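Assemble the dimeric complex from its two separately framed chains, guided by the hints.
Residue numbers (this note's numbering), protein chains in the order written: chain A, 1 to 203; chain B, 1 to 245.
Rather than coming from a laboratory, the hints here were simulated on the basis of the structure.
There may be inaccurate statements among the hints.
[What the hints assert, rightly or not] A few chain B residues that face chain A, going by a derived Cβ cut-off under 7 Å, partial list only:
id: 1; residue: M101
id: 2; residue: S152
id: 3; residue: V188
Bear in mind that the values here come from a model prediction, so they are computed numbers and not experimental data.
By construction, the Cβ of each residue, glycine as well, lies at the ideal position given by its N, Cα and C atoms.
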Amino acid sequence: MKRGLKYDFSLMALVLIPVGVSINVVGYQMSQILKLPVFIDQIGTILVSMITGPWVGMVTGLLGNVVNGMIYPTAFGYAIVSMLVGFVSGFLSRWRWYSNVVGVVIGCALLNVVSSVSAAVVTVFMFGGVTGAGTDLLTAAFVASGQALWDSVLTTNVISGTVNTIVNFAIAWIIVRRIPDRFLVKLNYGLPYIKKKGAKING
Amino acid sequence: MDSRIGKLYPTTKFMITLLVVIISIFTPGYVLQYIMFPAFLIISLMAGTTKQFLNAFFKSIFIIILFIFAMQVFIITNEDQTPIWGFIHFSQAGLATSLSMTSKITAIASAIMTFFETTKVKDITYALEYAGTPRKVTFLISSTIQLIPQMSSLSKTITDAQKSRGIETEGGLMTRIKAFVPMLGPLVLSSIQQTEERVLALESRAFSAKGKKTSIYVLHKTGLDIVLEVLSVILLMGYVVWRVM
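So that you can see chain B by itself, here it is in the shape it has in the complex (with noise of 0.2 Å):
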């Protein structure tokens, strides 16, 4: 994140990843699309993310792709299929389907999974307050993403301590359903209690008042971040133009 290209204003690389859904979503074929992956793979290589984004496409769009060809190609029934065995057989139609689907899945992941494994929620949150975003809905996002691994880490906590004094975790389907109650009640019992302190905490810091607030963390637009955007402004324009005529 502290790379090059993690640096870029988040507003930038928003809009370069608009551009690229905008046209992998719109161009017919699926070779564009598939260079994506690769594209964005190299992107994120240097931006030095190349763990997270790998990690989180075999565990989430790989597997998608998989089914999907499978199901597409071999178990559809579609007017061209040659039969293989059984119900199994092998559809031109149903191969064209699924490249012109996983293709455009993959691009649009891509995208996305670069945008956000490079920006900060941090720098998300406050390029959306500065554009003019109410207060209310940036301190929903980063105060949602803050607020996850704590409630994780205490579930943790509440789950040991259930433990220790005789739940049951295992065994039938019952007494492990049984268990979610104990486990989970005090977390949101004493959640719900801190939530009135949070109020408090709020409001007395201001949190309703009008008026424009200043903030101590400061980002800056560079040179590159205005030539990225103005060019994907014209690419974009181009694209509609060539696709229009």
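With the rest of the complex left out, here is chain A (with noise of 0.2 Å):
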């Protein structure tokens, strides 16, 4: 089957767009009520494109950074961090990565890679290597101890990356094995999740 941008962007994917953003912003904020010590603002970016595919993904992620820019403009700086999470979960979920074990274990690796490389060099060039916060104390130790800016920025992404990528991957699949089936049909890209044995669609 041809899967163009046209058959990706269906009017179902552009309503979950919104959905998915807001999640990141809701999440974001449920992890500061709970207080948790990590960083839970890419579960929308996740849970919309495992169902929806890596381009509308991708603009879930650029979306959700360019709302937050309107607000806090440094956000505009990491937009490409989110839209390559996106693109990227998009991808390992075309490629049925997310229904076994072994293949969510690497493409989680996969996804922490690509976003603690990323987020890096923006932090690096465009920051100075400071985010303004509290990971930087770690970056300073780092840098204190004779290392080079760019390993200690890395060294501290791919460090509090790992927590994060694991917590917010884990909660969106949790919350897509609750998606029900009769919902999972009608997007391009819910067939891994269905539960029901046997269901087949060209594709």
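This is the structure we're talking about:
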């Protein structure tokens, strides 16, 4: 079956993008309420990319940062990170990596690498190695111990990113498993998550 | 937003913002860029958005600027460093780097913040649509802006409901992480339930229909808009000529 941009951006996907962005925002608010030490702001991006594919996932990531950037402009700089997370996660879902344990582990590692490296590039070149968050102390400690700035930022990102990616992905995955079959059927990429055995659509 | 500046056509304000961003990036030094901050402060004073402007500035930009200075001047190893204490040292090269970096961040962020604080999202989407952006794009932007506060208040209701059923939101780390799914799950599922209705509602109002649509909300360009737009184009061309020569 041909899978072009037009196929991906169905009306259903179009309505899901704002939902994904809102889930990002609400997820972040909840992690603040629950006082979690992790940075949970990509649940919606991962969730939407899982069930509607890479391109829609990418737009969800972009839009989330644009909406944030309207209030705090630094978010514009990190738009590329969210876009890559949505894009890569969408492809992993299309290749059905998320339907087995090995795929999930490698997929999460890949997502972590992609987001850590892209975030490190933005942090170093745009903001001189700082993010304005508590993790800067870790970066400063690495720099003080004699490492180069780039290595320090990347190490910090990989450390904090591992926890963030696992939590973001785990929550998104649990929620996708709870979505009823009759809704997943209507989505272009929902097939791998349908629980009823023997379900098959031409694809 | 109902001030003189708030009533300017969005494209005009966008062109001025873009001009400031371009000039800030390509002008060497840091004085001009730092002047942009008080300049935009005055603009937001005139537009009546000073409170939001300062609030957003101190919450995000100011902290980053402080951290950049601390990191670049005192911690990162440079060739010209003079030791102060332990790993802390003072470096002139680091100071130069941080001045040029923070001044650009300040100028660009001030311009962008002022643009979004003085422009209604409704106006932006109208201007985008009038300029020929696909309806799907403008729908996405406006519906996202509308949905976030709705979902936010719905999540508060769900959290209260789950708390009254005895979910633990305090305690050990694992307990708090476990509370996440029952708090977020109902929200996602109910919003997914609504998407189906929303698709039908959009379709019944001819969203996918081809052909030109009219808008009940209309914005007009005034004489001031045209003057400002022409002025910013001339300034941009003048700047490019001056920089290249």
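Results of checking the hints against the structure:
no. : hint : in the structure
1   : M101 : holds (5 Å)
2   : S152 : holds (6 Å)
3   : V188 : holds (5 Å)
Checked against the numbered hints above, the structure violates none of them.
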